[in-house]
Amino acid sequence: MSEKNKKWFSLNLNNNSNKTSTSCGCGKTSGGCKTHNQEELDENVFFNAAVDASVGEQRPKDGIDQVFDVKMDRRTAFKKLTASLLIGAGAVSTSCSTLASDESKEKAQIDWEEQFKGNYKLMSNEEKEATVTRLVRSYQLRTGKTLNMSSVDAQKDVLYGYAFNISKCQGYMDCVNACVEENNQDRNSQMQYIRIHEMKDGKGFNFNESDDNYYHEVPAEGHFYMGTQCFHCDNPPCVEVCPVQATWREDDGLVVVDYDWCVGCRYCMAACPYDGRRFNWSKPEVPEEQINKNQHYLGNRMRKKGVMEKCTFCVQRSRAGKNPACVEACPTGARIFGNLLDPNSTIRWVLENKKVFRLKEDLGTEPKFWYFMD
Amino acid sequence: MNNKNQGYIFFSFFLILVVALTSCKHEEGEYHSIIDKIKNKSKNYHGVTLSSESYLGDDKMIKITEDGHTFLIPERKGKLKSFKCSECHSKPLSQINDEDLKKAHWDIKIVHANEKTMNCLTCHNSNNMDELKSITGKSIDFNRSYNLCNQCHTKQFDDWKGGAHGKRIGGWAPPRASLSCVNCHNPHNPSFEKKWPERYNSQKTKERK
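Going down the list, the sequences are from chains A and B. When we follow the numbering used here, the leftmost residue of the first sequence carries the number 9, and every step to the right adds one. When we follow the numbering used here, the leftmost residue of the second sequence carries the number 114, and every step to the right adds one.
Just so you know, not all the hints are guaranteed correct.
Pairs of lysine-lysine residues, derived as BS3-like cross-links and limited to a Cα-Cα distance of at most 30 Å, are as follows [said to hold, decoys possible]:
hint	chain 1	residue 1	chain 2	residue 2
1	A	K368	B	K150
2	B	K154	A	K363
3	B	K192	A	K362
4	A	K136	B	K154
5	A	K164	B	K152
6	B	K192	B	K308
7	A	K313	A	K129
It is worth saying that the hints were derived from the structure and are not from the lab. Owing to the predicted nature of the structure, the values given are computational and were not obtained by experimental measurement.
With the rest of the complex left out, here is chain B (with noise of 0.2 Å):
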């Protein structure tokens, strides 16, 4: 008798589980969530026939891979004002005193972490004006910046490869572009500047009533 009841039981019990298992289950199409939704439909993604090549202007982009994204940046050197800098630092730094050279950016002043932690020499090379240099001294190119950068702020290096950090340009469709830390911060004063917003809406208020 008992034992019958606790079949009754363990029967009843998997009646319910098969129901609360399948209950939840949709018609075809329909989703628990939006991102149930874009995993299924992503399995079979086949590629979009857009690009957004055209879109990215004249500008030269160079193509980089950093831990398995690959994206375009901004070529830099061929922005640079006074590119190459052995042009005139043909000697190293310390013996360009003479007072006859012509000066030409002793107004950069550094507001980019502390004395203590950095001046010039942190990155850029004295030995070879013409390319940077990371903290234990080997050479970096100015069109990959980036690395001198990543060095201490790899969080945002981290976001940056994968896209949530960095603007991106020409558009949404492949290939993807991205601009580079030194598009957007100035090396040698890398926060953004306060200003007066864009436009004010003086119908807000009205439209409000």
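Looking at chain A on its own, in the form it has when it is part of the complex (with noise of 0.2 Å):
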């Protein structure tokens, strides 16, 4: 891959460390090295030739040469082989075994590929449209069962808003429920995007002093509910921390999570001034029966343990027309979705008519949530 049209940003780290020449494989410091050059090609070419042999007539395209058309130096490309290798070693046997099922090595070759595929966020249509498909295919082949898994990209012309009717709210919890199953959220660490705080009457919001762990009959006297989760600001400090781009701003406005790149640092957590991001410290666990099989790669698709994982705004709903999960369910009309670039929808008759609030507006993140009274 030339240094020009380079996609992938992690992989480049060596050519960087070639560039300010702190070390390189010979030992200079300097860039006195003249057989550099010669000998990076050297291994390229045995890189491919390994590869090769290791993988046989099957050699994919996009997921390999991510990681092994790069130049690099020979310790650094044996780091790498034995790093890639050992995970990938089991899938590389299996495959290769004479005594192995079909099935097996076709799981096999999918766990391969998905092992060194690239950012989604730098992934074209055919690139998500093929990891995708790898998704849902390693799906079948475990379980037996099909899912339906979309790579739906944002619409031109929409910008997704939410307000919140802190009048309306009623404390129900109806919404924490319906993103629960919706988005098939841990059941063993009871992992929700969504928390209403119980807040007293007279005293503002004041999170100190709220409740978002209530259990009695709501609502309760002298007191209101105001819901947070995600607000997908448009300025969002958690994108800004993320040493390895797993997250990011999708022109639609959401910010969303590649579970697949996300290395698990929880940077983002600590940045994000909202309580929006929520860690996968278990392997998150739903019941077979109650997976929603309707999901988005960027959304509601299983993760795994030691991932970051937030409110999408249902990508998997939302890009397809439909109100995110929470909306839906609540009992009260409290909670208001929408395009905010239309001029004629109800989210900016909201934002133009009402007294509408966001939290923490001082910080600059410019979230896309509101809050308003009747």
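Join the two chains into one complex using the hints; note that each chain is given alone, in its own frame.
Structure follows, in structure tokens:
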């Protein structure tokens, strides 16, 4: 892959170190190593041969090329080879085994390609399609069940926004239930994207004195309720801090996570001023019969242990024109969702005619989640 | 001399003004606030290809236009258990005192405003039970019962027309469909009941340790 059209973020580390010349394969610290370039090419050839040998005829184009079409010296090359192959070893051994069935070979092939795919943000449409197809097939091979996964992109002329009526919310928490079911959240750790805060009347938004884990008849006397979740900031601090660019803002304003690219450092969790992000401390588990099979790559597909996740305004629903599950579930109509760019939308009417405000507006994060009262 | 100085002062003042006015100008694609951005970007709004029509299900909807807002609301008459009312109410209400008649809805208690303000006949038309009536006696169709509510609840009516009150159904994409007053509020007892929350999170304390 040439320098000009380099596409994958993290795999150019070695190129950078060549530029800064802090170290190279021949041990010199300055850029005076003449044999260097020649050696690199040889390594490249070596790698292609090695990979061809290990995976045989089935050598995939997209996944492997990302890893191996990188100029590298012998030391880093072996490091990468060991690390990657350790993970892929199982896959390779199965795919090369004459005893393994066709299905397990295919599964190994999928695992291999998934292991080496790139960041979703940088994928072309065909690559997005390919990874989604692989994930669906993989699920089918593992469970025998089919699911529907989409990779639909943001539509033109759409910017999602949300309004929350704090006079209407009664604290019933139907939204939380709907969200958990829709988004396949871990049932063991009871992960929830939405928090409903019970606040005392006359104290304003006082989060120190609010209760977001109440269990009594609601609405309680002398209290009001307000919900928080990911606010899909237009200037999201969580995106800024991500060291691997596994989270980003889509063109329709949704802040999303590539669960396969996330390394689980939780910087974003620390950077979010709104407690909008959640971490999978354990392997998320959802009983098979409760899994929502209508999925989106960036939305409610199954996550793994050690990655971040959060509200996506139900990307699998919203990009199909539906309301997020919380909006649909709310029995009071306190939640309003819509397209901010449509001058005739209800969300625009709310913004233009009601007295709206946002949380921590002074931070400049520009959340697209407004609160208002009757 | 003085004039010249004044000239300089004016010039520098002008310069500062120009700098102040232009320095806040961001590059293209950058905005001061999200509101600016929304306003600017929606100038060339061409509409979306998505539609929420298929999500409305089989329920019959009627299209209404109120105050420049056009949207769909659920049809009502088809869902009323014993419509038409005139099938039983053939005589005016005052004449139905026959004890042989089957009691149909005598269990209805009005918990809506107080007795001085409202009774059955504030909304129901005793001479024509198939229709409702306004305070001034004008008939109101059951399908458009919001016209009855908006006689008093004008603020809620404004919010409902705009979309701030009343649950939106189907999806965010056009066409807009909203629930009408009576879909959420029982007209005889319009306030929401207290109930237990749908769930309790037993792990939350642990999560925050």
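Checked hints:
{"no.": "1", "hint": "A:K368 x B:K150", "in the structure": "19 Å, holds"}
{"no.": "2", "hint": "B:K154 x A:K363", "in the structure": "22 Å, holds"}
{"no.": "3", "hint": "B:K192 x A:K362", "in the structure": "33 Å, violated"}
{"no.": "4", "hint": "A:K136 x B:K154", "in the structure": "28 Å, holds"}
{"no.": "5", "hint": "A:K164 x B:K152", "in the structure": "16 Å, holds"}
{"no.": "6", "hint": "B:K192 x B:K308", "in the structure": "26 Å, holds"}
{"no.": "7", "hint": "A:K313 x A:K129", "in the structure": "21 Å, holds"}
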